[in-house]
Amino acid sequence: MNSKEASPYNKNNIKGCGIGLRIDHFDEIEAQKPNIPWFEILSDNYLLEGTLQREFLSHIRNDYPVTFHGVGLSIGSTEPLNMDYLKRLKKLKDEVQPAWISDHLCWTSAHGVVTHDLIPLPYTQDIVKHIVDRILQVQDFLGEQIVIENVSSYLQFKATEMTEWDFTNEVTSRSDCKLLLDVNNIYVSAQNHKFDADEYLVAMPAERVAEIHLAGYEDKGTHLLDTHSRPVTEPVWDLFKKAIEHVGDVPVLIEWDNDIPSLERVIEESTTAHEIQQQILSSNRKTTYGH
Amino acid sequence: MDIKSFQADFINAIFGGDKEPAVSHIIGDSILTAEQRLGIYSGSVHGILTQALGTMFPVCKSLVGDVFFNNMCAIFIDKNPPNTSFFAEYGTHFPVFINAFEHVKDIHYLPDVARLEWIRQEIWHEEKSQLADFSGLATLSEDEQSKVVFNLSKRMRLIRSDYRIDELWFAHQEDSELNLEDIEMDYAVKLIVRRDENTIKISSFNETEDDSNFWDFLDAISEGNNLDNLAEQFGESLGVHLSQGIQGGWIERFTITNE
Ligand SMILES: [Fe+2]
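Here the protein sequences come in this chain order: Y and H.
Once you know that position 141 of the first sequence is 141 in the numbering used here, the rest is easy, because the numbers rise by one and skip nothing.
Once you know that position 208 of the second sequence is 208 in the numbering used here, the rest is easy, because the numbers rise by one and skip nothing.
Okay, chain Y solo, but in the shape it has when bound:
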């Protein structure tokens, strides 16, 4: 058995519904070691060495499997890949051994400025090629497939030539990366841009989906804002059920980044997700046996 397979942190250990690890809950997690299948950490917050966060992470990692989630890759940027960022990420990966590393299908920085926000791209063949090249470089550098997430968006470009789902399909298949399907983001963008969320969902390459995200948005009247500050809404739970039908038994994660409630409340949300997931999976099994 090689050492990678022997590690308790390989991807086979990411199962069920995890939650995003937030600094607000550190003490409680350390003290109570709650029954949570895995944690997703915001990797950008742990890239500086010697920090308190880094120390907490080393404790968490001893008790729970971990995945990495970042915004700093800026895969859609026109500036060269940030090698300092990537080197730090690789070092942290070697130290913590996450099951996988994910980031977003968008850009966050350009021309030396880091926005820390997820900014969409025009969906064109040129951009597909640009992003595929960069994902290949990143995968080459990290020595593994990465996982790319669809983002919420509030604007569309005149230059766009294809749907977001065609764009996502092309990027993931040509770069042979995995997909992090954020169901809330599909719903938010569908509402903001008046497209059919179901059509988007069923067009997603089920075999590439490594993980599903769920979160809560805020209704601003003119648009939905992906704030990760609320419980998951009913229409997103409905879309989630369809997502499980489409992709099957995939790990699910609850993201809660603003107006963060108690750990107990976040766990409650992940339990709801788990129950819905199990319900869909078991009724699917019955249907399969019935035929």
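A couple of the hints might just be wrong.
Which residues of chain Y face chain H? A partial, calculated answer using Cβ under 8 Å [said to hold, decoys possible]:
#1 77
#2 112
#3 113
#4 115
#5 127
#6 154
#7 158
#8 159
#9 235
Stretch-level coverage of chain H by chain Y, calculated; a stretch enters the list once three of its residues show a Cβ under 8 Å from a Cβ in chain Y [what the hints assert, rightly or not]:
#10 11-25
#11 145-151
Think of the hints as simulated: they come from the structure by calculation, not from any bench.
Just so you know, even glycine gets a beta-carbon here, dropped at the ideal spot from N, CA and C.
Got chain Y; can you put chain H with the ligand on it based on the hints?
This is chain H with the ligand only, laid out in the frame that chain Y set:
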């Protein structure tokens, strides 16, 4: 559409620059115009950065109030778009900005409070360094000894203020029994801010007490003075200060310079 120039235009627009070049590429509709759609991003980027600054400078925020703080951040952010992926590094220029900010000129101590809060941020992110073996110091020749320069712990900073910023900071902590009204603000302090594993201690050495000389000694070290200069400045107290500094972990290593 040239995506490279669009990204430059977009960055420029969300940090307070001309919006038109970026807006011209965005689709507007009856619900939101192209400019309003771009505005959503400008708002969320400012929101993310304002929140980060508020977390790093909570006492400053509380001293000026939330609304004022947010407006001040908006101006700072447009003047200083982040060039780092790490929130922990964003804010380096905030104390200098506050110092020059006209509208807070009357709160004389605010820039020093900002400096203190930033120092705390910095040392949270300093790596722990290995303590050097100081026994080697005794084996050096007299000539070499005179050229020795000491290094203070990276997890420690010295700060001097004309105001009682240490008590002001303590008064803002959750479990503090100190009342803001009881603080005599016009009182000069010399502070050592030091991280000890998972806590940061702020110790004050006030001007009138004897131990203020020890603060000056550490300050002279941080200025890069060699052992010769230190002996000249601190005379008889040098030995005591040096062993106190080394034993207390304030001084972590030494090097021999050729100056
Ligand atoms: Fe997400």
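Legend entry - Violating hint indices (sorted, rising): As far as the earlier hints go, 9, 11 are violated by this structure, in ascending order.
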